[in-house]
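Asker: Line order of the protein sequences matches chains A, B and C.
Mapping to our numbering: the first sequence position 204 is 1511, numbers consecutive.
Mapping to our numbering: the second sequence position 115 is 1422, numbers consecutive.
Mapping to our numbering: the third sequence position 16 is 1323, numbers consecutive.
Keep in mind that the hints are not guaranteed to be accurate.
No copy is singled out in the list; a pair is fine if it fits within one copy or between any two copies.
To be verified - In silico DSS-like pairs for lysine-lysine, Cα to Cα no more than 30 Å straight-line:
id	residue 1	residue 2
1	Lys1719	Lys1611
2	Lys1662	Lys1719
3	Lys1719	Lys1750
4	Lys1610	Lys1719
5	Lys1719	Lys1540
6	Lys1611	Lys1534
7	Lys1534	Lys1750
8	Lys1611	Lys1750
9	Lys1719	Lys1534
Derived from the structure by calculation, the hints contain no laboratory data.
In this text, all values refer to a predicted model and were calculated from it rather than measured experimentally.
These are the residues of each chain, in order.
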Amino acid sequence: MKKSFFKIFGVSAILATVASQSIAQDAPALVPTDSVFILNSLLFLVGGFLVFWMAAGFTMLEAGLVRSKNVTTQLTKNMGLFSLAAIFYYLIGYNVMYPLGTWMYDGVLSGIWGVAILEAVGVTADGADDYGYASTGSDFFFQLMFCAATASIVSGALAERIKLWPFLVFTIILTALIYPIQASWKWGGGFLDGMGFLDFAGSTVVHSVGGWAALMGAIILGPRIGKYAKDGKVVPIPGSNLAIATLGTFILWMGWFGFNGGSQLAMGSVGDVADISRIFSNTNAAAAGGAVAALLLTQFLYKKPDLTMVLNGALAGLVSITAEPLTPSLGAATLIGAVGGLIVVFTVPMLDKFKIDDVVGAIPVHLFAGIWGTMVVPATNGDASYVTQFISIIIVGVFVIVTSGIVWTILKSTMGIRVGEEEEVAGLDTSELGMEAYPEFSKG
Amino acid sequence: MKKSFFKIFGVSAILATVASQSIAQDAPALVPTDSVFILNSLLFLVGGFLVFWMAAGFTMLEAGLVRSKNVTTQLTKNMGLFSLAAIFYYLIGYNVMYPLGTWMYDGVLSGIWGVAILEAVGVTADGADDYGYASTGSDFFFQLMFCAATASIVSGALAERIKLWPFLVFTIILTALIYPIQASWKWGGGFLDGMGFLDFAGSTVVHSVGGWAALMGAIILGPRIGKYAKDGKVVPIPGSNLAIATLGTFILWMGWFGFNGGSQLAMGSVGDVADISRIFSNTNAAAAGGAVAALLLTQFLYKKPDLTMVLNGALAGLVSITAEPLTPSLGAATLIGAVGGLIVVFTVPMLDKFKIDDVVGAIPVHLFAGIWGTMVVPATNGDASYVTQFISIIIVGVFVIVTSGIVWTILKSTMGIRVGEEEEVAGLDTSELGMEAYPEFSKG
Amino acid sequence: MKKSFFKIFGVSAILATVASQSIAQDAPALVPTDSVFILNSLLFLVGGFLVFWMAAGFTMLEAGLVRSKNVTTQLTKNMGLFSLAAIFYYLIGYNVMYPLGTWMYDGVLSGIWGVAILEAVGVTADGADDYGYASTGSDFFFQLMFCAATASIVSGALAERIKLWPFLVFTIILTALIYPIQASWKWGGGFLDGMGFLDFAGSTVVHSVGGWAALMGAIILGPRIGKYAKDGKVVPIPGSNLAIATLGTFILWMGWFGFNGGSQLAMGSVGDVADISRIFSNTNAAAAGGAVAALLLTQFLYKKPDLTMVLNGALAGLVSITAEPLTPSLGAATLIGAVGGLIVVFTVPMLDKFKIDDVVGAIPVHLFAGIWGTMVVPATNGDASYVTQFISIIIVGVFVIVTSGIVWTILKSTMGIRVGEEEEVAGLDTSELGMEAYPEFSKG
């Protein structure tokens, strides 16, 4: 009933209607400052639980794309990495990422190594850390989920041969130090931000960082046994459960509305909520563009559409739009996503040429599409510069390559990062955990 | 602590409490116009991501109810249809659905064929298309998800024998033209709306439209090989994974809170949010009613409860309440949903009598329960008329039967819509995609 | 862009920025009373659909942890129990839980046996039951989900041998009477609340109640055939699908943000939204603590991490923080959750010693961690007393033990609650439903 009413008569009629419902003549136009605080915090909470949900998306995607003999291990790794990220971002990462903010909040130089401290219970406007903006608790909750997402990216690429514990130790270093340090350069108000680097929700700060760490891990770890035949041929290793891999993709797609929309960081004004609406629409458009591009390209190249490419195409579309989900038009967002989808289809075989074995396609999706997304920002946002974007990608890339390379190398030479050959062939679920994911289903 | 406090002392005590917390004596009662815009847009965004989530629900439901040899195809179809719906609703459908609105927004007659255009970045109250209502971006996001849901309904019914590409071409026509044209008659302020037709969230506009298109497809496509034995017997073809089919049902149920609740289209007043609360409660009650009715009826008829009927019963309950989720009492909503559940149990065998092979039960759920839900509106809403409801159902039905019939027929005589007999027996995953969903699990 | 801007310059800069965007000099500080009503209702709606989602989480967790021959039955039970909970909480439970509130809302003593009645359609501020607080519809929706969650807890423990219908009859009694009666003692403003018992979101009121009812059921029902060998050894019976069990855990984790966050019961002030933010962060921290504790302890005890313990550890962490998710610091929340995780790892074998067969670990997770969470409240909340917490746990426990014991015993001696031996060995899906969940996958 209402739907049509609002729509037919357009602006003026709507104003009249709404007025008759709830806005008396003396209703004020402006949002009270308390409401701004509430709405901004609410954005972080809703955005935050949506990004949390991406942890489940990564888990299902990865569990679906590995062989059944490694599923339990992959599930355990994802539960473990998210939980450790939550703890170490609290213990170290949050304050490393926002040292200036911490200092200002406390009124004294509390140092960068303290744990995250939330506002007091039942805080009043006067006592809020950031009255006029949002609650510290909601900010912590939201930022934590981005840190955890970075760690999730790594786990898929290294599946089916990495040991559980060294992987989790790497997660600790990544979420306590590597991610927060580089994130502080942009989102903590550091030098990349000062240079004018633009990365709205983290094509570079989150996705490429996860991608570089995964790339270094994949190189140092080496490919799975049997992936590259002695004659140089690439042996496809199909995933065990494409239904849950597709579910994982839908979960990630859903969570991305919070990832990009929440990164508007404010919902207390007409302009902010209109921007969030643009971001939701553009994020969806880019995912659709990526999926369709991969669908068409695999049909064209291989004469058969490839579902795993379509899934990764949608994800690459999402990563591509993440550096700037606000300024593109819907059409531009669709095209930016579509190029992301094409990148995936073209670069998955390229990695195989270098015998870099990325089990789920995380490096093409998060690193390559992340670079693309970051580089295309100036095309729709006049404040961005191609040079600055490029330099920033390089700086972040070199930092993560070096630090994660060092950590992987140390882990390799101390704990060892790879299971034994027999264990790998038997499957990590038997050797590492002694627990199968699908114990009753006969393996073909 | 608070829970009891608020509850014990009732209204007056609550007012006192809240006052002491946040409302000083000079706090105004009325919601500022900026806040109304924010809250309405927020409703569309939250409602929209919940309806988006239904795409995952349809996908899991369908993937669970087809045989494992067709799962990858079903997953690919669903990823493809959602993505194409997003693109073509943007390119064509949105403006076809709201031509008047478009004209008024732009200030000139932009025509009905333009692409959807969102508000500018960082728009102010003065510059918003619809200040006093909600952001265009949030409206587009929300409406797009309804269009995509319509397409999702079709895919389940035609599973296990339709070719991928003709199906996707049909999706394009459906989401660019068929759905938006008829939706404009009601929600775009067209003649059905003028006649007084009531369809709150789309029992007819969305669900029956998907249902009619599926029915025409199922008739023109014909039944699966082996579904109807030569002696006339119906051969049950069990789904391959009832766990994910159940998950899909829960996802759809969850998404329906956004589908119906968001269709209130406003959250900026006491009355609107109270109405949304009624809608949430009624939507849940109807789903519960449908599930329990199907549970009891299958126990009674077959001496054993039938899970797939229970799942479809819940969904039919949801479809039944969608035409009017606001005016019924909780009890009436439960009963309206329960009748929907009964309809499913009775009409699934009826379709089989006509040898119309609907793989997932989409036609009983979305078409038959959709008609029921639309026809029962006058029972609880005095503004509705049985005659108008009936005539509107017929008009929409004839339109979709004719247009989708023409499209299916053209597709059949050009691209062909059905895979070959050998391909169907082998499974579409092998023949169409060359990729199995569960490659390691031996088939019994 | 904004992210860094807000963060670098701290409080004063942020105030300036926001002001330039949306807060003119004459913007009021305080939230209007209408907005408070809207925001509080919105909290219940968002919290409510998140807690609804937990029904899917329980379903997937349980479907993943039973053997494939019992999956369809487990799915049917969960669809049935949720739907029946919705109907009987509406018919009886809601008014039993809030008799005083009902009386005050109606202005007359409507009695405690009436059905739940929502506000009228399009209610105005003057006509709202609880203007200044929230809509009745949103409260009903939210409270219903808690009742249903209590019933979900029971179903997992009793899986693989209980008959469908007696289980559903128990659900009716539990959701119409047992849960609401004891909940009224605390949340309906009854004597436990008067005594000063604190249970923020229901470690005792929800989780221990489900746990006690499950415990009584498990004792009266007896263990599964083959679970305890004649020589006294415990025979592990692995779950059939750990991927969906993990998905279920993530779903529950996500839903818990609504469970605990929504239990703040108000979002219309700076203090309330800051508290909700604390609750979200603490809830997440406790889950992470529980998961990591179980991961480390199973590695230490068994030399191999145990995924099902990690999943239950996360859930136990969530249950542990539920009695008081607001007052702990992030560190305290992590530790409270971690102890919950340890409790699960230690008490699962303990139950086995008593030959109490809890298929999914519901009793350790919901009962034992629920007691722990309730008892630890005074450690962070000065208003709580160890004695009162202890007495309240005992009172609720005795009530549920006695009432559920009586109901189970009556059901056993009338309908019978356990399937026959042959049926149990063959699997309930064949004997009770005649429908397999995974009919095509050969069982090993």
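Asker: Compare the structure with each hint and give your call.
Answerer: So, going through the hints one by one against the coordinates:
In this homomeric assembly, Lys1719 and Lys1611 come within 30 Å of each other (Cα to Cα) only across copies, at 20 Å, whereas the closest approach inside a single copy is 40 Å. Proximity of Lys1662 to Lys1719 under the C-alpha cut-off of 30 Å is restricted to the intra-copy arrangement: shortest distance 19 Å within a copy versus 45 Å between copies. In this assembly of identical chains, the alpha carbons of Lys1719 and Lys1750 never lie at most 30 Å apart, being 32 Å within a copy and 39 Å across copies at closest. In this assembly of identical chains, Lys1610 and Lys1719 lie within 30 Å of each other by CA distance solely across copies; the values are 21 Å between and 42 Å within a copy.
Taking CA atoms no more than 30 Å apart as the test, Lys1719 paired with Lys1540 passes inside one copy only; the shortest distance there is 28 Å, against 40 Å between copies. In this assembly of identical chains, the alpha carbons of Lys1611 and Lys1534 lie at most 30 Å apart whether taken from the same copy (22 Å) or from different copies (27 Å). Proximity of Lys1534 and Lys1750 under a CA criterion of 30 Å is satisfied in both settings, with 19 Å inside one chain copy and 26 Å between copies. Proximity of Lys1611 to Lys1750 under the C-alpha cut-off of 30 Å is found in both arrangements, the shortest distances being 26 Å within a copy and 24 Å between copies.
Proximity of Lys1719 and Lys1534 under a CA criterion of 30 Å is satisfied intra-copy only: 21 Å inside one chain copy versus 42 Å between copies.
In this structure, only the earlier hint numbered 3 is contradicted, and the remaining ones agree with it.
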